[in-house]
Every structure is written in C-alpha cells, then in structure tokens.
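Chemist: Take each chain as given, in its own frame, and dock them per the hints.
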Amino acid sequence: VCMTNCPTLIVMVGLPARGKTYISKKLTRYLNWIGVPTKEFNVGQYRRDLVKKYKSFEFFLPDNEEGLKIRKQCALAALNDVRQYLSEENGHVAVFDATNTTRERRETIYKFGEENGYKTFFVESVCVDPEVIAANIVQVKLGSPDYVDCSNDEATEDFMKRIECYKNSYETLDESLDKDLSYIKIMDVGRSYLVNRVMDHIQSRIVYYLMNIHVTPRSIYLCRHGESELNLKGRIGGDPGLSVRGKEFAKSLAQFINEQNIKDLKVWTSQMKRTIQTAEALGVPYEQWKVLNEIDAGVCEEMTYEEIQENYPLEFALRDQDKYRYRYPKGESYEDLVQRLEPVIMELERQENVLVICHQAVMRCLLAYFLDKPAEQLPYLKCPLHTVLKLTPVAYGCKVESIFLNVEAVNTHRDKPENVDISRPPEDALLTVPAHQ
Amino acid sequence: AWASYMTNSPTLIVMIGLPARGKTYVSKKLTRYLNWIGAPAKVFNLGVYRREAVKSYKSYDFFRHDNKEAMEIRKRCALVALEDVKAYLLEECGQIAVRLPWLYIGVIHSCPGDFDSLKHASLPSLQVFFVESVCDDPEVIAANILEVKVSSPDYPERNRENVMDDFLKRIECYKVTYQPLDPDAYDKDLSFIKVINVGQRFLVNRVQDYIQSKIVYYLMNIHVQPRTIYLCRHGESEYNLVGKIGGDSGLSPRGKQFSQALKKFIEEQEIVDLKVWTSQLKRTIQTAESLGVTYEQWKILNEIDAGVCEEMTYAEIEAKYPEEFALRDQEKYLYRYPGGESYQDLVQRLEPVIMELERQGNVLVISHQAVMRCLVAYFLDKSADELPYLRCPLHTILKLTPVAYGCKVETITLNVEAVNTHREKPSLSSSSQTPGRMRRNSFTPRASADTVKRPRHYSVGSKPLDLLGAFPSLE
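In order, the protein sequence lines correspond to chains L and P.
Position 342 (the first sequence) corresponds to 342 in the UniProt record's numbering; numbering is contiguous.
Position 160 (the second sequence) corresponds to 160 in the UniProt record's numbering; numbering is contiguous.
What the hints contain is simulated information worked out from the structure, not anything from laboratory work.
Values in this document were obtained by computation on a predicted structure and should not be read as measured data.
The C-beta atom is built at its ideal place from N, Cα and C for all residues, glycine as well.
Careful, some of the hints might be misleading.
Straight-line Cα separation of at most 16 Å, EDC-like style, residue types lysine to aspartate or glutamate; simulated pairs [what the hints assert, rightly or not]:
#1 L:K290 / P:D305
#2 P:K188 / L:E427
#3 L:K330 / P:E341
#4 L:K416 / L:E401
So, partial list: chain L residues that the calculated Cβ filter (under 7 Å) puts toward chain P [unchecked claim]:
#5 S192
#6 Y193
#7 L194
#8 V195
#9 N196
#10 Y208
#11 Q437
So that you can see chain P by itself, here it is in the shape it has in the complex (with noise of 0.2 Å):
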C-alpha cells in the first residue's frame, strides 16, 4: 500500500529509443510490476494507435523520415496518445479516488520522432519519467527482431527473412531523426533513466521521488538472460488434512512422498544452478531437505498471518468470527485478519522476493498458498481481484519461463495425493450483508485501523478514526 510521500503527482513514463531495443518488454514488465506493488499504471503503445489511424501497413517506407503524410499522422497518433493518458490519470484516477491521485502511471510507449515536440513540453501536474533504451549490440537487436517482431501484427505474412529486412530498414530511417538524451546539455533538466546495452549500463539523471527511485532499481535488476522458475507449496501438512490454517505443522506422509517426487522431478530436469528457497516454517524446509541440495530459509515467505484465525478451520472461524468471515468474502484481497495481514500486507513483504527473482538465474520456490498466489500474480499479471483466488493446489508445480513479452506456464502434478485447499468465492446471495459494503474497522484489540495506508487528510468517503478513542478535551 502507498501513502503520499511516494509522488506529489500522476507520474507519466516516456520509453524511448529505436525499435527493437527492448521498449515494449521493458514498459509490459515494468507495468505489471508496478500494478503488483499496488501503483495502478497502463500502457499506451504508440504503435498500436498508429494501427488504428493506418489500416493496414505497407512496408518501412511508412518510417522514412521524408514521407511527410506519414509524419503528420504519427504526430497525430502522439497527440491523441498522449490527450489519452492524461485523460486516464487526470480525469480517471481523480474520480476514483481523491484519496489517491498520484499512484497512476501512464506509460507510453514511443517511437522517436513521436515525442520529440513533447519531450521539453510543460506538461503541468505530472511527473514525467523517461526510459530509454540504447542498444548498439547487433547480435542483442537481431535476437529482438526474431523474438518478438517477426509476430507483430505488423508482419502477418511472418516471413522471416523479409520482416528482417524490412525492420531492420525501419530502423535505419529512425536513425536519421533519433536524438539519444541528451544529460550534459540539451536534456539535463528532464528526469530519466538511460538503459544501454540490456543493463550492461545505466544512466540515471535527476530522480524525484520515490516511485522514480524504486523504477530505477527495478530497471537495474531485470536482465534476460533465459531462466526458468519454478513454484511449489509445501508438502501436504498436517493441518492440511483436518483443514486448520496456518500454524507451523510438519509434513503429513503423502506430504513426505510428495518431497520424494519432487527431489525426482528436480533431478530430471536437469538444471543448472538451482537456487533453492523457502519459508521459515517447518513445512517448506521438511519439503526442501529431501532434496539434499542447499536452500535458503526467508522469513519472508512465511505463509499470510491469520491473526486471530491461525490454526483454525474455516468452520470453526464461521462460528467464532461470523462477521469477519463474511468481510473476507466480500474484499479478499484487501481483507486483513484481526492481528494478522492481508493479501496486500503480503505482497507489500513480497516485494524483495520478487526482486532478487528478477536477479536470479533457475530458482526453486518452495512456499504457501497465499505466498505462492502472490508470486503467481506477479509473473501472469493478475489482478488484485484475481488474486486470492488463484489455484496453487498442493503437490503441483508450476514452471514458469519468460518468452517474448511474458510467462510460459507448465502445471506439473507430481503424482501424489493431496487434500484439496481451495476455498471459491461464495456467491454473493448467501451473504446477508448490504452489497458494496465497506471494510470498517475491526473491533479486536491488535488489528490495526486502515488497510489502505493514506495520509490522513479526511478526504471524501473516508470517516475519522474515532474508534481509537477521542482525545477528551482539556478545555
């Protein structure tokens, strides 16, 4: 969660750079990392709405710098792109929430020449970030060109050698017009991020704030080196079988076979410097030992803390917690047990789980169900409404491997047997509550007031927390 020290305002991120650089990978990856940490961002690629203006493309000629019809419809297209994007975080977020308007990042995704008019532009109330990518590695821009052009919708015919040719055309007509930032002179003012070379190098030129902080670092950590990950419960737990949460049980004996597979299953795979990681709790290290191989214990994949709810079943929290249970249903992603977190208290400790996977090479993760949901929802983009109800079913792996612009998945069930932990949302007829009903404060002594973290302006929508005891005045 988010409080206004991270920005002052909307935050506008301008990648840039010729094509094939890497633009669109970068802007999807950084764009779903931002939407999992909670800062909503979009992307609007330019080319998509060039698309829309140019039904159907003919060939590089569209790009030479001297075809002036063509000029003018892309300045166009940057123009409605951006009237976009400043629509999305100006008029959007600002009737979404007064409360938080400076969490929406616009991307766009441009090509040069697009931009250039725009790049000193006064563009009031945003905060604008530039990304660019600078590559002079041929094998590196090749290796673009096959993996992610050659199944552009602007190349339907998909013949390699032609949409080779004809992109790395392209490119040459950009070149002509292509101003790199500039940080000496021309562009010292602006705020950016030079990437060169895949992060062999970074040039970084004033950051402003937070979020820019934490996007530099981001940027500074991803690489694309091939790798895959792979993600798994821990065995089968004792208070899996009689359905308590949480707690810190040993391996059931199915929960101990499935160890046993998993060990096979490494072993076949074959893989090259596996990392190892789990939990601190017993399930996950027993689950690792078997594998005879060196892991680390992070406490920070500890399973989601069921406060007051820990070692229960749901049957015996719908008796003892009838409104809590019911609240939880309704928000699950936002709803934080009474003295324990909550889906967004998780991912927010995630976070520098997620960053050294980025670092990483082949990493085994070793976790929990709502731990590995959260991961889960990094690596495929799913929404925080999706999130909780992601199936992370025990005794099954799933391999995850970057390709082009996301994840391939492969779901292996090693085949042992397994209690099912799956909890569906209940549909919303069988609840009795009003529809649409707020999270309020829970009674119970540790659970702490907001689940959001805002500053405490007393904005529309939002009561003060009289809960906590009004100060009796002195007077």
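Isolated chain L (complex conformation) (with noise of 0.2 Å):
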C-alpha cells in the first residue's frame, strides 16, 4: 500500500552527540521494513569522502572559510544525491542528516524541497543532559573514523571543542518563528515531544515511531517453537505439538533463560500449540499474540513440499520466483506478514526485555527488521529450531548472538533452488528441500 502521493525530506536537527544519526538509521530500517523505500544522506560521510584525513575541532570554527566552504559543499552534493534518490530512483522517502542548525541552513532545504516537490518534515533532537551526551560520545564518536588515531580522552576533548562551535549559531525549531513547518522536536530523548503539523500518514507513522523508541539498554531473544511432529514428517503450518525432542528443548530454553538472568523478561508466544508448548515449561507469564502465528500457507497447510510440488507445481515454482512477495491460494505472503506482525515491532520497540518464541517465517520476518535485511534476503535468513537469537542494540545496529541450545532437532531451512522456472521438473524443483522421515 503507497502511503505518500509526493515523496518525503526528513530533515535532521540537532547539535552533534543528539542522536541524530542513531534516529536516521533506525527510522531508515524501520520505513524500508514496512515497505517505504528510504534512504539515508549523511552529510559527515560525505565531508569524509571529500576531506580524506581529519585534523581537528578547527574544522567546524565559525569563522573557518576553508572550513565552511567545503561543508556546504558536502551539504548541496548530498541534496543532489536526494534529488536523484527521490525524483528519479523511485525512493519514498529521503533523511537528510546533518545538523542544520540555523535557520537559514533549513530554509534553503526547504525551498529546495518544494522545488522539487517534496514534503518536508523536520526530526529535532534537544538534549541537554551531560550523561546522555558522554554517553553518546563514548558510544560512537569514539570509534569515528575522525579519531581513528586518537587516544579516547583526545578524542572526547576534540569533540566536546566541536560541539562548542556549532553552540552559538544554533537556532531551534521555535514555535512561533516556525509555525507554518511540519516538525517534530524530541526533547531528552523522548521525555517530551512537540508535534507541529503533521501532514499526512506518512507523517504521522513516523511520528508515531520516533515516541515509541527508546534507548535504553535491554536484550531481544528470538526463538522458534521446539519442534513439533509435523516439522519431523516434513510437513509445513498446521498446529501440531512438540515432539519429543522439542519437548526437550522448552526445558533447555527455560534453563538458559533462568543462567541468562534477565530482568523483567516479557515471554510473547502465538496462539499455535507449539509455541504455547515451548513457553509453558519456562514457568513464567506469558503473552499470546495471534499476529505471532505462522504464515498461513491456504491450500498447502500441512502438506510436505513433495506433496506441493506433486498438487500444486506452478504455484510452488512462482514461489520461488519472489518468495517475499508469494502469497500461497487462500493463504499469505512474507509481505503480508510483514504488515501483520507491525504492531510487534512497535511494541518490541516500546519494551525493554524480551523473548519472542515464535515460528520460522515469522522469525525471518523479525530478524530482518532488527539486522536491517531486505526484502530478496529475507524469506531465506536462516532461523534453525532450537536456536536462540540474542539481539543487543549497540551504537547504531545490532550485535546478534547465536545460540544453540544442544537439543538436536530436524532442518526446516530450504534453499532457493537453482531453477525457478515453471515448466521445471520436478527433481530440480525438491532438490534443496531438507531431510525429513
């Protein structure tokens, strides 16, 4: 579903060390996620490309000419490079970050987005508190490819100079002065936010999704249901239970989840028997989300892929074709899921700790949107049962750990074959379906 008639400049407010670059990146992951094709323009990146070796803070002096020159030169390559991405490579929606913090700065944006007929909504970031701004500072400036030569308190110093330059010219988004504007400014991290004109859905979607993040620190475990007796016969969906060896792994998981020693762990499961199972033996409350359950696979639930192939071979070599846009006859596609399990993400983004035992298409949905996978590599990310994912958010990504709990258990991974055609036979078709009794 489009959302947007005319494409959308988001454009980044803000001193250095705000969080400017961390909302870019994760609101560029989550709107590509739902199917709006973004992108990220980070003007530093372009300053770096084009000044190879930095030297200091006296770069960013006001009255540094050399200085002053070059960035607007990044500024207007990297407005170019949205123009393109919006007007003529299909791209929804652009996140110009940079500073941009004076008035003047965001008014040539601006005229430059209604020349080409773009919405412009400003992202403003307001912190005040030292913590948060140590904090960021330790979390990703350090490891800049600007201090890549510096001992960390050089480093710090350096940096603390450089937010001190842009202090004195730093006009924020004022509520009379920008009244006629569509902004949103969010101030000590998401304690308050002032709104101004939201435009249209895209808008308020984004809106919406910058006041349901948050930053502080907390753990994402992602599992399958142990395996159940349809997963041992090969067969696909359904609502079977756990075999004997899946009824092995609930155990296992609750003990590692009692080592891991989490605080306030949330348990979310779906509504299907199997993931009710695994969650039952952990002893612990736990939610049951229907949006959590399989995709449904319409006419071919139940059935082995032999048994597709043998009653539905066009079908199943369309699928093939574009797995992640696929929808099996009275059935779903990965897209579809993606839609449905939103409002997970939303919430996934709103807790702290949590643990989402759920199913393999569902789980390859989820990862992507946390490890930032498109939408060909999606429906083929590898999910094993009776593995645990340990998704922990550091500077601007995910560090991800694999965990296999030691309960042997069947593959149920299969990979694209190498003949998709319709008229293939059908040994080509099964050649990568995993073993099964």
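Modeler: Below you can see the structure in the form of structure tokens.
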C-alpha cells in the first residue's frame, strides 16, 4: 500500500551527539521494513569522503572560511543525491542527516524540497543532559573514522570543542517563528515531544514510531517453538504439538533463560500450540499474540514440499521466483506477514527485555527488521530450530549472538533452488528440500 | 484483546482546558475508541455533577472565581466525581475480573479550577494522564460554542445571542484562574498531551505506557473537518444466494446490478475527493470496479475467517458442528471459529482501518457483513453485545456524517433486491446448554485456546490449559 503521493524529505536538526544519526538509521530501517523505500544521507560521511583526513575541531570553527566552503559543498552534494533518489530512483523518503542548526540552512533545504515537489518534515533532537551526551560520545564518536589515531581522552576533548562550535549559531525550532513547518522536536531522549502540523499518513507513522523508541539498554531474544510433530514429517503449517525433542528444547530454554538472569523478562508466544507448549515449560507468565502465528500457507497447509510440488507445481515455482511477494492461494505472503507483524515491532520497540517464541517465517521477518535485511534476503534468513538469537542494540545497529541449545532437531530451511522455471522437472524443484521422515 | 504489557494499573484520563475547547468532544470520541478496541472506558463529566448539585443554572455568575459558594460546590463536585471514578476503576474492575483490572479507564472531564488541587495529588494505583485542549483561534471557539453549547442543558431557552454572550463571559471567568499545563517547570513530572488549536500542534510529556501511547496516537490522527463516510457491503454474491458463508465468490447478477446502482448513487452525491476502499476478496473488488474510479484494496478489510466453517451454510454448520454452532450463539462477539476468527479478532485487525478513516476525508468503504458491523459499532458507539447483531443488509449504504458529539446516520437502500443474510440471536430456551456457560477451548487442531489474551497467571475462574498436553515430568 503506497502511503505517500509525493516523496518526503526528513531533515534532522540538532547539535552533535544528540542522536541524529541514530534516529536516521533506525527510522530508515523501519520504513524500509514496512515497505517504504527510504535512504539516509549523512553529510558527515560526504565530508569524510571529500576531506580525506580529519585534523581537529578547528575545521568546524564558525570563522573557518575553508571549512565552511567544504561543508556547504558537502551539503549540496548530499541534496543532489537526495534529488536523484527521490525523483529518479523511485525513493519515497530521504533522511537528510546533518546538524541543520541554523534557520538559514533549514530554509535552503525547505526551498529545495518545494522546488522538487517534496514534503519536508523536520526531526529535531534537543538534549542538555551531560550524561546522555557523554554516553553518546563514548558509544559512537570514539570509534569514528575521525578519531582513529587518537586516544579516548583526546577524542572526547576534541569532540566537546566541536559541539561548542555549533552552539552559538544554534537556532532551535521555534513555536512561533517556525509555526508553519511540519516537525517533531524530541526532548531529552523522549521525555517529551513537540509535534507541529503533521501533514499526512507517513508523517503520522513516523511521529508514532519516534515516540515509541527508546535507548534504554536491553536484549531481545528470538527463537522458534521446539521441534513439532509436523516438523519431523517435513510438513508445513498446521497446529501440531511438540515432539519429544521439542519438549526437551523447551526445558533447555527454561534453563538458558534462568542462567541469563534477565531483569523483568517479558515472554511472548503465538496462539499456536507449539509456541504455547514451549513457553509453558518456562514456568513464567507469557502473552499470546495472534499476529505472531506462522504464515498461513492456505491450500498448502500441512503438506510436505513433495506434496506441494505434486499438487501445485506452478504455485511452487512461482513461490521460488519471488518468495517475498508470493501469496499462497487462500493464504499469506511474507509481505502480508510483515504488515501483520508491525504492531509487534512497535511494541518490541517500547519494551525492554523480551523473549519472542515464534515460527520460522515470522522469525525471519522480525530478524530482517532488527538486522536491516532487504526483502530479497528475508525469506531465506537462517532461523533453525532450537537456536536462540540474542539481539542487543549497540551503537547504530544490533549485536547478534546465536546460541544453539544442544538439542537436535530437523532442518526446516529450504534454500532457493537454481531452477525456478515453471516448467522445471520435479527433481529440480525438490533439490533443496531438507530431509524428513 | 489486551495483555498485561498494555498498562500496569487503571488509567485516569483528565481532560482539561477552558470551555468550548472541545473537551467533551474529545472525551466522548476517545471513550468511544477505547471501548471499541476493548479497553472499557467511561466518562465522568463534572458538568453533570454540577448540574445535579445546582438544579437550575442562573448565569455565568456561578463561574466567577470570587463566588465563594459556587467554588465550594464545584470543589465538592470534583471530589464526588473523583470518588466515583476511583470506585469504578478499583472496585468495579476489581470484582469483575482479577484478570483485567488494568483495562478500565475513567475520563474525567473538568473545567479549570475544578481539578487543580488534585493535579499533583498522589493517586496510588492509578496512572493519571492529562489531555489538555488549548485554543487561541477565536473562530474555532465561536464555532464550538454554536455547535454544541447552544443545545446544552444549561441554556434551555436557546436564544443564540444570549447563549453566545453568556458563554463567552463564562470563559472569561475561567481565564482568570486557568493555568495551562507547564511542561518546563511546574508540571514537568506529569504525563500529558497538550492539543493546541484543534490538532495543529501537540506537546507530549512523559508517556508512561502502551495505552497512553495509543491515546496520543489517536488524538494526533483525529480531525474536525467536515466529511462523510459511506459504508456498504459488496453486491450480492453467488454464495449469498445459496446461503454459504465466507469463501471468495463473485457477484450474482443482482449484485452486478447493485454495483451499477452504487455508481449512479456516488455520482449523484457529488462527493469531493472521494477515496474508495475494498477488501482483497473478489466480491468487493468487482463492486468497486463498476464505479470506474481508483480504489485501494485492504487485506484487513477481508470478511471474518470462519475457519473450518468456511463455505458452509448455517444448516450444514449446525449439522456438522452442533456444539460450535451453539457456542457461537451464546457469545457471538468472543466466539472464535475453529481455525478462524472471532469478532473480537476482527476488531483488532480493523484498528488500522479506523485510524486511517479518522485521518481521511470523504471515504467509501465497500466491505463485508461482519466487517461492516465492526465499523458501524465504532462510529455509532455500539457495545460488544450489540455489535454482532447490527443490521447491515446487502445493497444498503450507511452514510455517516460527524455532527456535534456523535454521528448522523442515513440509511440508503438502493433499489436492487437481495437475499437477507442477517441471523438474529436465537432465544436461549431452544438451546440445551446450561445458562451462562463460558466458552471453553475448542478441540479442533488449529483453534487457539484463549479467546481473550491475558497473562498466564492462574487467576480466579481461569483453569490451566492442560488441554495442550501436560509435560511429562522427567524425574
């Protein structure tokens, strides 16, 4: 479902170390996942490409003519790429990540948007808490290419001076002066927000998303239900119970969770027997979400791949041609799944420590969101049974740990076969089907 | 359906702002929305308490801040109202369901001065969320007064000029003591949303939990621009003719006739910028095709999934699944078809449609019987008990126009005959089941156990789900 008529230009605003790049990258990842082609343009990166070696904060002094010239050049180069992305490459949203701290600069960008027929939406991050700023510097600035040859102390000192360069000319978005602009002002990492003139659906979704994310450290655990009776037989879908090994896994999972000693862990399952049975073994309260149910395979429910090839060879081939968009007759596609999982993602963003016990296709969709995997790769992500993925947000991304809980299970992963032609022989179609009873 | 992550304790929403700022409008609308998505909410309007206390309203003098007697009365009313709200939230909820104490929401609707002393009071076991409406656009205020105050019980004579005059003076009285929420200093620890100039701008402070986040999102999506929503079903389908439910059949000849009639009707209505939405099932798409305009297909507008009962007639269902058939009649809203959905599931899946309908202007939604019942229930504030029995006949359009605090409804029957697909609730005496029998777990494979999502505490009235297979102990 296309949600915008004209492209949207999101403009980040704020002093350095206020989380602009963090927000840009996260927002870009979210929008791409829900199917809105989005790209971020980090002006700092353009500067690094142009000025090969960063010397010191003096580059950013307000009276450094040379510096100003280069920085303006970079901004214009980035805007040019924005225009190419939105007007020529079918992009829907571009995120322009720079300080944009003066009204003059923002007006230039706004005019640029108007000239090209884009709707402009500003996202400002305001933060005065020195602890938050210090933490940001440690997380993302010390490891920046700018400071590769410096000690931590030198880097921190230089960066603080860099921030000072911007402070004098900083003009925050103002309720009166900027009353005709569309924007959200985020204060103190989400303590409060000021939202002005939301124009359309996509801006409303962006605002909702930004108001639900947080930066409190936490971990998200993703795993599938224990091996099920139908897994053993190589059958897809259905609502079977756990096999003997599946029950073993549930116990191992309980042990693993105990050992991890997680504070206030929330446990979510689908409303299908196999995830519920898995959660029951944990002996803790858990929530059942219907939207976490496995992808609906429609007429192919409870069939083996061999049976699907025999009964629906054309469907089987079409699925291999475009696994993300292919919808089972009377069933769902991965694309449908992403849409139905969006509230789960939103709630995962709001929550802290969560264990999600779900299913193969569902887990692939959730994983693709956290690890920023595109639609082509999503349906082929490896999510084996009896393996827990521990995701911990760090810097601009997610650290992943894969923990196999030492209980054997069948392999349910079917790779894309070489021959996806609709007239292919059955052997070619079934080449990549994993072994089963 | 809800779960414990939604909120930790009952929520008290306090509406504040000067008169004619849309507080009543917002509190009624918000309450309607919350009830529809399954979070029981109730409005406690301080104006009503005041009117009880002071039988006949004399004039704006009552609201002067130097009218000591009146101030006393108003303060007492506020306290009485607060007591009622607390009782509703803590006692009524506590009894009804240990499982769901956190769902209940009290919406206190007050005027400045009524609630100040309680603003920073500690109200243990209650999450308090303020919704403030601030408006400095005199045209908006004047329009509000005309639309809703002229017919208020405070002004039985309805003389427009007098009403306007008196009301404006009333507002002036409040202005003297009114202190808007101050996010930078005095009120920075409160949780609130400040709605400025009917949604042009919002200030959101310290959202504590999921329900507050949903409320904020909802308030940011509603608007007051005049517009009309048209709801109808697809034209009569082939399955309708033979009494089969569900499936994905095409239109019957009369159904096609209806599409043509619908096209003519839409043209006659001369609607500006009409959006047309359908489901992804053939029958709604075929109906929309005849209109010759662009339309959007929403999967979530698909008809309720009847699971194992799909494409059966009611007679066949009664014969093959007599117990399921009886259970459905007992509790049609919560009943989930084995392998399918319940009305409650449907409401949850339709929520994004409602949110988008709120954002939009003129929209025609071509959907299905169960789906349309859910949408109508939202707009006309029908309870979960009434919802599954709302009349949504084929070939009939419901035209909804928001007005004052509610919705004007016009029913337009386009003169094309169709079968009747409405099934009334049968009288209980014909059923052999014991009265008040609770929905129990269905035995067919793909059905899920609980119709109500709730945390797995073994609370009063809820048995452990040993149906799913107790774990053999390995000891």
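Chemist: Against this structure, judge whether each hint is valid.
Modeler: How the hints compare with the structure:
no., hint, in the structure
1, L:K290 / P:D305, "holds, 13 Å"
2, P:K188 / L:E427, "violated, 68 Å"
3, L:K330 / P:E341, "holds, 15 Å"
4, L:K416 / L:E401, "violated, 25 Å"
5, S192, "holds, 4 Å"
6, Y193, "holds, 4 Å"
7, L194, "holds, 5 Å"
8, V195, "holds, 4 Å"
9, N196, "holds, 5 Å"
10, Y208, "holds, 5 Å"
11, Q437, "violated, 19 Å"
Comparing the model with each numbered hint stated earlier shows that hints 2, 4 and 11 do not hold.
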